[in-house]
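Enquirer: Modelling step: build the complete structure from the supplied sequences, incorporating the hints.
Okay, here's what each chain looks like letter by letter:
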Amino acid sequence: GENVEQHPSTLSVQEGDSAVIKCTYSDSASNYFPWYKQELGKRPQLIIDIRSNVGEKKDQRIAVTLNKTAKHFSLHITETQPEDSAVYFCAARSSGGSNYKLTFGKGTLLTVNP
Amino acid sequence: DARVTQTPRDKVTEMGQEVTMRCQPILGHNTVFWYRQTMMQGLELLAYFRNRAPLDDSGMPKDRFSAEMPDATLATLKIQPSEPRDSAVYFCASGLEGEKYNEQFFGPGTRLTVL
Numbered sequence: 001g002e003n004v005e006q007h008p009s010t011l012s013v014q015e016g017d018s019a020v021i022k023c024t025y026s027d028s029a030s031n032y033f034p035w036y037k038q039e040l041g042k043r044p045q046l047i048i049d050i051r052s053n054v055g056e057k058k059d060q061r062i063a064v065t066l067n068k069t070a071k072h073f074s075l076h077i078t079e080t081q082p083e084d085s086a087v088y089f090c091a092a093r094s095s096g097g098s099n100y101k102l103t104f105g106k107g108t109l110l111t112v113n114p
Numbered sequence: 001d002a003r004v005t006q007t008p009r010d011k012v013t014e015m016g017q018e019v020t021m022r023c024q025p026i027l028g029h030n031t032v033f034w035y036r037q038t039m040m041q042g043l044e045l046l047a048y049f050r051n052r053a054p055l056d057d058s059g060m061p062k063d064r065f066s067a068e069m070p071d072a073t074l075a076t077l078k079i080q081p082s083e084p085r086d087s088a089v090y091f092c093a094s095g096l097e098g099e100k101y102n103e104q105f106f107g108p109g110t111r112l113t114v115l
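Residue numbers (the working numbering), protein chains in the order written: chain A, 1 to 114; chain B, 1 to 115.
Derived by calculation from the structure, the hints in this document are not laboratory data.
You can trust all of the hints, since none of them are fake.
No more than 27 Å apart at the CA atoms, straight line, and that leaves these computed lysine-lysine pairs for DSSO-like:
id: 1; chain 1: A; residue 1: Lys37; chain 2: A; residue 2: Lys71
id: 2; chain 1: B; residue 1: Lys62; chain 2: A; residue 2: Lys106
id: 3; chain 1: A; residue 1: Lys106; chain 2: A; residue 2: Lys37
id: 4; chain 1: B; residue 1: Lys78; chain 2: A; residue 2: Lys42
id: 5; chain 1: A; residue 1: Lys42; chain 2: A; residue 2: Lys106
id: 6; chain 1: A; residue 1: Lys42; chain 2: B; residue 2: Lys11
id: 7; chain 1: A; residue 1: Lys106; chain 2: A; residue 2: Lys71
id: 8; chain 1: A; residue 1: Lys57; chain 2: A; residue 2: Lys22
id: 9; chain 1: A; residue 1: Lys37; chain 2: A; residue 2: Lys68
id: 10; chain 1: A; residue 1: Lys106; chain 2: A; residue 2: Lys68
id: 11; chain 1: A; residue 1: Lys22; chain 2: A; residue 2: Lys42
id: 12; chain 1: A; residue 1: Lys37; chain 2: A; residue 2: Lys22
id: 13; chain 1: B; residue 1: Lys78; chain 2: A; residue 2: Lys106
id: 14; chain 1: A; residue 1: Lys42; chain 2: A; residue 2: Lys58
id: 15; chain 1: A; residue 1: Lys58; chain 2: A; residue 2: Lys22
id: 16; chain 1: A; residue 1: Lys106; chain 2: B; residue 2: Lys11
id: 17; chain 1: A; residue 1: Lys37; chain 2: B; residue 2: Lys11
id: 18; chain 1: A; residue 1: Lys22; chain 2: A; residue 2: Lys68
As the structure is a computational prediction, the values presented were derived from the model and not from experiment.
Expert: What follows is the structure in structure tokens.
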């Protein structure tokens with residue numbers, strides 16, 4: 001099955017700096033890669049996603065890049081703000097058969113210091 | 001703003017007791033997922049339903065866990081008997097499956113503590 005590795009497990013940055021979180025996946029058939037943000041005590045919520053036919057996608061201060069050859073994808077947050085502090089999860093979904101389940105990384109705790 | 005709902009939000013129980021968690025998926029969604037979240041393991045998929053039929057429960061301890069969808073508006077996750085190692089937050093998520101639709105919408109979770 002799919003295996004997703006996420007690094008780093010914790011990340012601390014100063015407000016205004018950029019933050020980068022990286023994930024690798026094992027199944028070359030995976031074709032969809034979402035990122036979820038989970039604030040303390042809240043539910044995970046989708047913030048951005050990318051499909052395997054696209055190399056980069058941007059939405060305001062967040063962007064995701066995908067390298068299919070190397071089987072890794074990254075989340076980039078620019079001009080970080082204290083409200084960006086949360087746990088971020090990457091995930092990968094295989095296109096095998098009719099199986100649409102996601103495999104999640106173990107998460108990155110991002111702390112943005114004012 | 002349609003949302004996935006879960007009950008109870010918090011549950012404290014004694015070891016050996018039965019625990020039932022309920023989830024109401026977003027109306028019209030055809031897939032339901034149950035996840036368990038712990039600090040050590042992160043988000044683990046326990047069960048996955050499509051059109052109320054179980055597709056994958058390989059992540060679920062079969063001896064004590066069971067998941068069902070009695071109808072399209074209700075999914076249940078049951079633990080019997082519960083053990084302290086089951087303490088975790090259990091999330092339900094729903095989605096509309098297909099290549100065009102991707103997002104899984106998570107419920108608020110049930111925080112389970114087994115003493």
